[in-house]
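Note that the protein sequences, when read in sequence, are chains A and B.
Numbering of the first sequence is given in my numbering, commencing with residue 1 and proceeding in unit increments.
Numbering of the second sequence is given in my numbering, commencing with residue 1 and proceeding in unit increments.
Please note that the accuracy of each hint is not assured.
[To be verified] Listed below are the simulated DSSO-like cross-link pairs for lysine-lysine, each with C-alpha atoms no more than 30 Å apart in a straight line:
id, chain 1, residue 1, chain 2, residue 2
1, A, LYS69, B, LYS153
2, A, LYS59, B, LYS69
3, A, LYS175, B, LYS153
No lab work stands behind these hints, which were simulated from the structure alone.
Source: prediction; values computed, not measured.
Protein chains: 2
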Amino acid sequence: MKNELAVVLVSGGMDSCVTAAIANRSHRLAFLHVNYGQRTEGRELLSFNEIADFYKAEKRLIVSIEHLKVIGGSALTDINIPVPETGHSQSAIRNPQSAIPVTYVPFRNAHLLSIATSWSEVIGARWIYIGAVEEDSSGYPDCREVFYQAFNKVIETGTRPETRIEIATPLIHMKKAEIVKQGRELGAPLHLTWSCYQDNEKACGKCESCLFRLKGFRDAGVTDPIPYR
Amino acid sequence: MKNELAVVLVSGGMDSCVTAAIANRSHRLAFLHVNYGQRTEGRELLSFNEIADFYKAEKRLIVSIEHLKVIGGSALTDINIPVPETGHSQSAIRNPQSAIPVTYVPFRNAHLLSIATSWSEVIGARWIYIGAVEEDSSGYPDCREVFYQAFNKVIETGTRPETRIEIATPLIHMKKAEIVKQGRELGAPLHLTWSCYQDNEKACGKCESCLFRLKGFRDAGVTDPIPYR
Numbered sequence: 001m002k003n004e005l006a007v008v009l010v011s012g013g014m015d016s017c018v019t020a021a022i023a024n025r026s027h028r029l030a031f032l033h034v035n036y037g038q039r040t041e042g043r044e045l046l047s048f049n050e051i052a053d054f055y056k057a058e059k060r061l062i063v064s065i066e067h068l069k070v071i072g073g074s075a076l077t078d079i080n081i082p083v084p085e086t087g088h089s090q091s092a093i094r095n096p097q098s099a100i101p102v103t104y105v106p107f108r109n110a111h112l113l114s115i116a117t118s119w120s121e122v123i124g125a126r127w128i129y130i131g132a133v134e135e136d137s138s139g140y141p142d143c144r145e146v147f148y149q150a151f152n153k154v155i156e157t158g159t160r161p162e163t164r165i166e167i168a169t170p171l172i173h174m175k176k177a178e179i180v181k182q183g184r185e186l187g188a189p190l191h192l193t194w195s196c197y198q199d200n201e202k203a204c205g206k207c208e209s210c211l212f213r214l215k216g217f218r219d220a221g222v223t224d225p226i227p228y229r
Numbered sequence: 001m002k003n004e005l006a007v008v009l010v011s012g013g014m015d016s017c018v019t020a021a022i023a024n025r026s027h028r029l030a031f032l033h034v035n036y037g038q039r040t041e042g043r044e045l046l047s048f049n050e051i052a053d054f055y056k057a058e059k060r061l062i063v064s065i066e067h068l069k070v071i072g073g074s075a076l077t078d079i080n081i082p083v084p085e086t087g088h089s090q091s092a093i094r095n096p097q098s099a100i101p102v103t104y105v106p107f108r109n110a111h112l113l114s115i116a117t118s119w120s121e122v123i124g125a126r127w128i129y130i131g132a133v134e135e136d137s138s139g140y141p142d143c144r145e146v147f148y149q150a151f152n153k154v155i156e157t158g159t160r161p162e163t164r165i166e167i168a169t170p171l172i173h174m175k176k177a178e179i180v181k182q183g184r185e186l187g188a189p190l191h192l193t194w195s196c197y198q199d200n201e202k203a204c205g206k207c208e209s210c211l212f213r214l215k216g217f218r219d220a221g222v223t224d225p226i227p228y229r
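Isolated chain A, as found in the complex (with noise of 0.2 Å):
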C-alpha cells in the first residue's frame, strides 16, 4: 500500500518522467512543476500536465518564477546568450572563464528544492523526488550527488524539528540509456515528454539536451518517439 506521499519535480523532460515512474511504484504522487522564465516554458508545461493525468497525481502545483530570469547569467532564461547546438565543448569555449556550460542557470535546482520542501512541509510529504543525473549530463554542479546531501542537511536544520523529508535522486548515477530502458520497463510515457533547450514545436535534435537524450535511445537501441525537425 501507499501511504508516503512524494512530492515529484517534474520539468516535463524524459529524466523527470522516468523520476515519476520510480516514485509511482512506492508512494502517492504530488506534481510541481516551476516556470522560471526558460525558453521552452510553454512547451514544459504542457508535457507536465500529461504526465500528471497519465499518473493520476493525486496534487499538482505549477509556480511560476520571475527572478531567474531578471538575475540572468544563462543562455536558457537570456535570449541574448545563444544556445550552442553542439553541446559541452562549444559552450565551455563560449565561456572561457568556465566549465560550466552557458545553459547552467545559477543555483536553479535550490530554488527548485526549496519551493518542494516548503510545499512538503505543509502537505506532509516525506520524500522529494528529482531527476538529476551526474555523470551523463551537462555537468551542472547543481544536479550533483554532493550537492543534494548538502541540502538534505539544510532541510534537516530548517524546517520543523517534527518534519521529516528526504531528497531521492533515483537517477544520480545513471547513463541515459539505462535511463530510457527504465523508462521502458515502468511503462513511463516518453511520448508525452520535451528535453530540447531550443524549440517548443518539434525538438531540434541539436542542443546539448536533445543529443544526450538522442544517444541515450540510440545507445538503449529503443526509437525516440517525439518528433524532430
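We have chain A already, so just place chain B on it with the hints.
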C-alpha cells in the same frame, strides 16, 4: 578600501538594517528585498527603499514570489490564520502539534538565500549578509546557525567551481538589546525600519515581532523612534 561586493537581504526590519550597517563597514553593497505575500509587504518595501537610499546601495533588486503565499501554512501569508498578539507562548497554543510559532513561514529563508546566491553568482558578490537572530527571537528553525552552516555547503557544491560565496550572520548570537546598541553605534537609520507583522500604518506593539523589538529598545535603555498605535 571596499573591494568585495556583499548582497544584503534587507526586509526593512531593524535586524536587517543593522546587518546592512555592519556590512557597510567593509563591503560595497547590493541590497536585495523579497516580497513573499506577507501581510505588511508594502510597508516593508517602503522601509527597504529608504534604507537602500540611506546607504546609497550600488545595486538593488526587488523580487516578488507568489508561491509561499499559495503554499500557505503560516499566519504571515494566510489571512485565515490570525497573528497572535502575545508572542511565542500563545502561538504555540494555537498549533499544539508544534513548538514552532504559527508565524513560521515554511523554509522561507532557504528561498531568500537561493535568490541571494543566484544573484551573487551573476554579479560577482563574495558575501551574503542576513540578519537572522537565533536565541532572542521566535525560534524559527531557519534562523539557526546550523541552518546557515548547512546552506554554505549547498552554495559550495551547487555553484560554479570558481564561485566563492559565503553567508554572514553577524547578529546570530546577539540579544535584541545588543542589536539596538550596535545599530546606534554604527549610525544605522533605525527610524526608517519596520518590524510589525500586523499593520502598515502604526506598529501594533503586540505581535511577537513588535514585542521582541520593544523589549530590545527597553533593555538597551533607548526609545524606539517609530510610531506605535
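Hints that the structure is at odds with (numbers, increasing): Every hint satisfied by this model.
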